[in-house]
Each structure stands twice: as structure tokens, then as C-alpha cells.
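The task is simple: from the sequences and hints, build the whole structure.
Number of protein chains: 2
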Amino acid sequence: MNLTSFNPPRRILMGPGPSDISPQVLQAQSRPIIGHLDPLFVNMMDEIKALLQYAFQTTNQHTFAVSAPGSAGMETCFVNLVEPGDKVIVCINGVFGQRMLENVERCGGIAVVIEDAWGQPVSPAKVEQALQQHPDSKIVAFVHAETSTGVASDAQALCGLAKQHGCLSIVDAVTSVGGIPVLVDEWGIDAIYSGSQKCLSCVPGLSPVSFSPAAVEKLKGRKTKVQSWFLDQSLVMAYWSGEQKRSYHHTAPVTALYALHESLLMLHQEGLEQAWQRHAQQHALLAAGLDKLGLNLMVEIAYRLPQLNLVAVPEGVDEQAVRARLLNDYNLEIGAGLGQFAGKAWRIGLMGYAARQENVSLCLAALAEVLE
Amino acid sequence: MNLTSFNPPRRILMGPGPSDISPQVLQAQSRPIIGHLDPLFVNMMDEIKALLQYAFQTTNQHTFAVSAPGSAGMETCFVNLVEPGDKVIVCINGVFGQRMLENVERCGGIAVVIEDAWGQPVSPAKVEQALQQHPDSKIVAFVHAETSTGVASDAQALCGLAKQHGCLSIVDAVTSVGGIPVLVDEWGIDAIYSGSQKCLSCVPGLSPVSFSPAAVEKLKGRKTKVQSWFLDQSLVMAYWSGEQKRSYHHTAPVTALYALHESLLMLHQEGLEQAWQRHAQQHALLAAGLDKLGLNLMVEIAYRLPQLNLVAVPEGVDEQAVRARLLNDYNLEIGAGLGQFAGKAWRIGLMGYAARQENVSLCLAALAEVLE
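Just so you know, the sequences run in chain order A and B.
Reading the first sequence from the start, the letters are residues 3 to 374 in this note's numbering.
Reading the second sequence from the start, the letters are residues 3 to 374 in this note's numbering.
In case anyone wonders, no lab produced these hints; they're calculated from the structure.
Accuracy of the hints is not assured; some may be wrong.
Identical copies carry no separate label here, and so any pair may be met within one copy or between two of them.
Said to hold, decoys possible - Capping the alpha-carbon separation at 16 angstroms, the derived lysine to aspartate or glutamate pairs in EDC-like fashion look like this:
1) Lys225 to Glu107
2) Lys89 to Glu104
3) Lys227 to Glu104
4) Lys294 to Glu374
5) Lys294 to Asp40
6) Lys225 to Asp88
7) Lys128 to Asp88
8) Lys140 to Asp88
9) Lys346 to Asp88
10) Lys222 to Glu360
11) Lys128 to Asp118
What follows is the structure, given as C-alpha cells:
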């Protein structure tokens with residue numbers, strides 16, 4: 003083997019994630035490693051917890067970062083809260099709702115599937131109907147911001163319905179946290195997971211989660227062991243919790259948590275409202291520019307995500323060739339369509355540190371040149 | 003909240019892991035992020051695969067890094083290879099064998115437990131007896147290098163027995179790979195997992211795994227779906243495999259993989275044999291120095307791990323106070339005893355980049371001063 007160190011170019015990441023990372027966060031990650039039980043590290047974990055509570059807008063004690071990517075955060079919510087035989091209403095309007103269904107089935111849950119078209123939000127009316135038809139349901143699960151389509155669903159309404167019918171809610175907020183409002187306590191979300199590599203602009207590989215007291219109660223009252231040892235929150239809690247002596251569960255990804263600490267600190271310093279506003283502003287600039295280029299956003303404005311823009315590929319355009327030219331000639335990454343939108347759409351992300359005017363301007367200029 | 007950036011001190015990590023990390027690896031990790039489907043990144047993943055094949059001494063195609071810590075690597079092996087009702091011989095001689103048992107049970111496997119005392123290796127005779135008594139066994143699982151005790155078991159003998167009796171072997175090599183010989187193909191290991199943060203001296207958070215063709219066959223012939231979507235190797239394979247178009251499964255921890263690439267490159271440049279020799283040499287220096295201080299290594303020399311040294315706490319010494327002084331006054335971390343050895347032993351690690359003469363000398367000098 004004749005291999006050398008990997009020296010990546012400087013790309014601008016405007017795809018569906020990972021998003022651009024501030025040099026400040028990358029620098030934090032490169033600081034010297036200390037032990038995962040070092041008192042200084044444990045203290046930093048407490049700070050991360052407080053910062054995550056801020057990002058999630060919650061006082062939930064059970065708030066921390068799963069030591070693995072968002073898909074493991076999703077699995078954390080399902081394996082801990084779904085017991086074999088539990089009926090779960092699963093809302094599918096894109097790739098990640100489908101993945102939730104996979105999770106329910108693999109946990110031995112009984113799924114009641116609510117489908118909405120890709121590009122449409124989850125219908126609260128359909129969820130209400132399902133809750134009425136299945137009064138023995140235990141959980142309602144849905145995706146707040148569908149990364150595969152760029153659609154926001156009404157998390158507040160859906161969690162309200164779940165609560166009315168005595169169900170817990172599981173909410174995928176991988177792409178929403180930091181980009182649009184996510185108010186865990188105000189909306190009554192019971193279990194939520196996000197990803198580090200979207201609007202938080204941290205390195206990929208971590209999944210912030212938060213469980214409400216009701217979710218923790220359900221976890222504590224389980225009749226069966228959680229099927230995943232690694233994701234078993236009753237065990238992980240003993241490592242992340244400040245109330246007692248930290249007990250070793252697994253080795254935390256120390257340097258990735260340095261990065262998460264720094265990125266959450268930056269979010270806190272900017273302020274959540276300001277971050278939401280910045281995403282909205284940059285989205286407006288992008289939308290206006292795309293319109294001038296004759297490119298259409300495929301999601302209706304009422305439920306369009308500012309941070310993930312689904313753009314229709316114009317008739318006769320080789321979408322893959324366009325992405326390749328953007329990447330190779332401009333070091334600019336935009337995303338391909340996923341699932342039903344493969345080949346038909348691009349996904350332009352404006353997430354976290356990437357949601358800046360210079361990026362929007364470059365993206366529009368490069369698209370204009372490549373599509374000319 | 004009045005929080006600031008986290009600035010860790012420079013510690014010397016001589017505990018049970020994470021180990022010290024070369025500045026070269028931390029630097030690699032801080033390079034600009036690129037997309038997880040970027041052709042340049044995919045090419046780097048192929049290089050990681052080749053480097054892992056070298057580290058594991060295998061030609062297994064199914065060789066890559068799980069995007070989560072070693073405990074998730076363990077779970078990867080069990081959830082993919084144990085089907086409900088499968089009989090699994092689980093060898094317990096420390097914390098991690100116990101964790102294997104948890105995994106078997108949570109997969110719905112039927113565990114046949116072989117116990118050896120903590121501080122002793124797994125007994126091949128007991129395993130052979132169990133295989134004879136349980137001819138319907140499907141898998142033999144054991145820990146090659148027990149991090150909780152510092153004991154090496156005879157992986158070659160145990161895998162040979164498994165094969166003779168038509169069983170697959172699952173081997174925990176979290177602490178062994180890079181520190182002592184691990185010869186996957188020569189020993190006939192079917193499924194192996196390691197950790198990035200031990201003798202590979204990479205950042206914590208990744209778990210290299212390798213499956214033999216027989217293990218892949220068992221996976222492909224499963225009657226039930228793997229209970230974990232995130233760890234389902236039939237899905238992950240499509241992302242890591244070079245044979246077809248990469249399909250998205252989860253977002254890889256891009257920057258952590260930069261670090262793994264660099265640390266594996268350093269191992270390749272040093273050479274495996276040289277790395278094993280370095281661990282042995284530094285261990286010899288440490289052992290001689292401890293002896294001079296009147297400190298006893300608790301594991302017999304025949305099966306003692308050079309990279310993890312179990313040191314008896316002398317009568318009347320407050321072991322926690324000693325560790326605290328080493329950490330606070332010398333920035334030197336050594337490990338506490340775990341499980342049965344809690345309070346009775348220290349664990350001094352000589353793993354990867356930490357296995358250097360200046361560290362051994364400092365550790366001995368600091369211990370001498372603190373114990374004076």
C-alpha cells in the first residue's frame with residue numbers, strides 16, 4: 003500500500019448535511035484529549051447538557067447526546083419507549099418516516115401507518131382519525147423536518163393530539179433544531195432526537211436526545227429489557243446524570259463532544275431566535291435568486307423548511323452532471339434528490355454555519371453559470 | 003448561562019483508554035469537512051478498509067468501522083449473527099465477557115456461560131467441554147484482551163475449538179488490536195470488533211469490525227431481520243462496499259474517520275510487528291520499575307497484556323487519592339480497578355501512542371513521589 007495522509011479540499015457544504023463547520027468548532031475538536039471520566043470532562047458534559055436544554059427549549063433532566071449519528075438517536079427513542087406489542091402510530095411523508103416504521107417493527111411494536119404524499123406535511127386530521135380508531139395506541143411518531151423533502155410538519159398540533167389521546171410522542175428533529183423553532187416543553191414533546199451535523203453545524207456522529215418525565219417513567223416501568231445494550235437509556239443515564247457518581251457505560255467520543263460543546267456555545271451566543279431568523283433570511287435570498295434563474299421550489303411556502311430547499315430539476319437537465327460540476331469546479335456541494343425525488347430534485351441546504359450570504363450568492367452564481 | 007470554550011489541559015493518558023493521541027491524528031481530524039458521499043471521501047473510506055484489513059491481518063471484504071464506540075461494535079457482532087433461539091457459548095472472565103452475555107440475552111439467544119476467575123484467561127478446556135455438552139451451539143464468544151483485568155486469552159485455540167465444532171467465533175479485540183498479535187485469517191476468527199481509542203490511538207467513537215465469509219453467509223441467511231436498524235450490516239455494507247454504487251445509510255462521522263485514517267496510516271508506517279514490539283518493550287520497562295517500587299502486577303506473566311497492567315494497590319494506600327494526585331499534580335491519568343478489582347487495583351495503560359519511554363519514566367517517577 004502506498005497511502006498518504008488525507009488532505010481534503012475546502013468544500014462549501016450546501017447539501018442535506020453534514021453542513022459547514024465553523025473553524026472554531028474544528029479547532030475545539032483538535033484540543034488535547036482527556037479521559038472520559040476526568041472531572042474536567044464530566045463538568046463539560048454538564049455544560050453540554052445545559053446547552054442542549056437551551057437548544058431544545060426544555061428543562062428535561064434526561065437530555066444529552068447519544069454517542070452515534072442521528073439514526074442511532076432515532077433508534078434510542080424507539081428501543082427505549084416501544085415495548086413488544088405496543089401500538090405505535092407512525093407518520094410517513096418521506097424517507098425518515100419510513101425509517102421510523104423499520105424501527106417500530108424491529109422493536110416488536112405494532113405499527114399503524116399514516117401516509118402523506120412526499121412533499122406534503124403530516125396531516126393532523128389523519129393522525130386524529132387513527133387515534134380514534136386505535137384507542138389502544140401508546141405512541142405517535144413523526145418527523146418534524148423531513149430532510150428528504152424539505153417539509154415541516156406541525157409538531158405542536160401533532161404532539162397535542164398525542165397527549166389528548168394518552169400517547170407519548172416521538173419526534174425526529176434532526177434537521178429542525180437550530181434552524182426553526184423547536185419548543186420541547188411548550189409543545190409537550192416526550193422524546194426527541196436531533197443530529198449534530200445539520201443546523202448545529204457540529205461534526206457528524208452525535209445525536210442529541212431529550213426525554214420528558216413521562217417518557218422516563220415509561221422507560222422505568224418497562225417489563226422487558228431494552229433490546230439494545232448500547233442505547234439502553236437506563237444505563238446511559240448513570241453516566242450522564244449529575245445526581246450520583248458517574249458510572250462507566252461506554253467510552254464517550256471525547257473530542258466530538260468538545261466540538262458539540264463549542265457549536266452549542268456558538269448557538270447560545272448567537273441566540274436561538276437570531277439563528278432561526280438568519281436561516282429564514284438566507285432562505286428568502288436563496289428563494290428569490292432561484293426564482294430569477296427560473297428554478298422552482300417544490301414545497302409550498304406554508305410548510306417549506308428554510309434550511310432544506312427542494313429544487314425541481316429543469317426538463318432536459320442532467321442533474322448529476324450539474325452536481326458534479328458544482329463540486330469539481332466550485333467546491334460546492336448540493337444534495338441529490340432522495341427516494342421518490344431521486345433524479346427529479348436537488349436539495350440545497352442552508353444549515354447552521356452554511357446559512358450565510360456568501361454561500362447563497364456563490365450557489366446562485368454557480369448554478370447560473372452551470373445551467374447556462 | 004455564563005459558559006466559555008472548553009480548554010482541556012494536556013494530560014498523559016495511561017489509563018484503560020482513551021489513550022494518548024498523536025498531534026498528527028488530532029490535526030488530521032481538524033481538516034475541513036467534506037460530504038459523506040463526496041467521491042474523495044468514499045475513496046478515503048476504501049483506504050481505511052485496506053488499512054483495517056492490514057491491522058486485522060485479514061482479507062475479509064466485510065471490514066470497516068462502525069460509526070460508534072466499541073460497545074456498539076460488540077452489539078454489531080451479536081445482533082447480526084445471533085438469531086433468536088441460537089445457542090451461544092459466552093466466556094466470562096471480566097467486565098466485557100459479562101457485557102457479551104447481556105448482548106446475547108437481549109438478542110434472544112440462549113447463553114451457555116463459561117466462567118473463569120477475574121485475572122485468569124478463558125479456559126479452552128472448559129470451552130471444549132461446553133461444546134461437547136451443547137453440540138447444537140452456534141457461536142463461541144470471548145474477549146481476547148480483557149480491559150478490566152489485563153488478561154490475554156488464547157484466541158487462536160478458542161477459535162480453533164469453535165471451528166472444530168461447527169461454530170462461528172465472536173472475538174472482542176477492543177484492547178488487543180495494535181498492541182499484541184491479532185491474526186484474524188490465520189486464527190480463523192469469524193467476527194471481530196475493536197475500538198479506535200486503545201492501541202490504535204485514534205479518537206474514541208469508532209469501532210473497527212471484520213466479518214469472515216462464513217459470518218457474512220450466516221448474516222445473509224437470517225430468517226429474521228436484525229433487531230437494530232442502525233447496526234444492520236446488510237444495510238451498512240451497501241454504504242461501505244466498493245462493489246456497487248454507495249447508497250446512503252447513515253451520515254458517517256466524517257472527521258473522526260479522518261482521524262482513523264491517519265492513525266491507521268501511522269500504524270502501517272511503523273509496521274504491526276514493530277508496534278507489538280514497542281508495546282512489549284515499554285511494558286518490560288514499566289514492570290521492572292514497578293517491581294523496584296515494590297508494586298506487584300496481579301496477572302501472571304504467561305497471559306499478561308503489555309498494554310494494560312493490573313497493579314495491586316498496597317495495603318493501607320488510598321487508591322483514589324493517589325490517582326487524584328497523579329491527575330492534578332502531574333496531569334497523568336491512570337485507571338481505577340473495575341468490577342471485582344474496584345478499590346483493589348490500578349490499571350496502567352500503555353496503549354498506542356502512549357507506549358513511549360518518556361511516559362513510562364514519568365509514571366514511575368510520579369508514583370514513587372506520590373507513594374513516598
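Against the structure, the hints:
1. Taking CA atoms no more than 16 angstroms apart as the test, Lys225 paired with Glu107 passes between copies only; the shortest distance there is 15 angstroms, against 18 angstroms inside one copy.
2. In this assembly of identical chains, Lys89 and Glu104 lie within 16 angstroms of each other by CA distance solely inside one copy; the values are 14 angstroms within and 26 angstroms between copies.
3. For the homomeric pair Lys227 and Glu104, the shortest alpha-carbon distance between copies (10 angstroms) is at most 16 angstroms, but the shortest distance inside one copy (20 angstroms) is not.
4. Within a single copy, Lys294 and Glu374 get their C-alpha atoms as close as 13 angstroms, which meets the 16 angstroms cut-off; across copies the closest is 78 angstroms, which misses it.
5. In this assembly of identical chains, Lys294 and Asp40 lie within 16 angstroms of each other by CA distance neither inside one copy nor across copies; the values are 55 angstroms within and 29 angstroms between.
6. For a Cα distance limit of 16 angstroms, the shortest separation of Lys225 from Asp88 inside one copy, 12 angstroms, qualifies, whereas the shortest one across copies, 23 angstroms, does not.
7. For the identical chains of this complex, Lys128 and Asp88 are neighbours neither inside a copy (20 angstroms) nor across copies (42 angstroms), given an alpha-carbon limit of 16 angstroms.
8. Taking the closest pair of Cα atoms, Lys140 and Asp88 come within 16 angstroms of each other only inside a single copy of the chain (6 angstroms); across copies the shortest separation is 31 angstroms, beyond that limit.
9. Taking the shortest alpha-carbon separations for Lys346 and Asp88, neither the intra-copy value of 38 angstroms nor the inter-copy value of 45 angstroms comes in at or below 16 angstroms.
10. Neither within a single protomer nor between protomers do Lys222 and Glu360 lie at most 16 angstroms apart by alpha-carbon distance, with minima of 49 angstroms and 48 angstroms respectively.
11. When the C-alpha separation of Lys128 and Asp118 is checked against a cutoff of 16 angstroms, the pair qualifies only within one copy, where the shortest distance is 9 angstroms, while the shortest distance between copies is 57 angstroms.
Consistency note: the structure conflicts with the earlier hints numbered 5, 7, 9 and 10.
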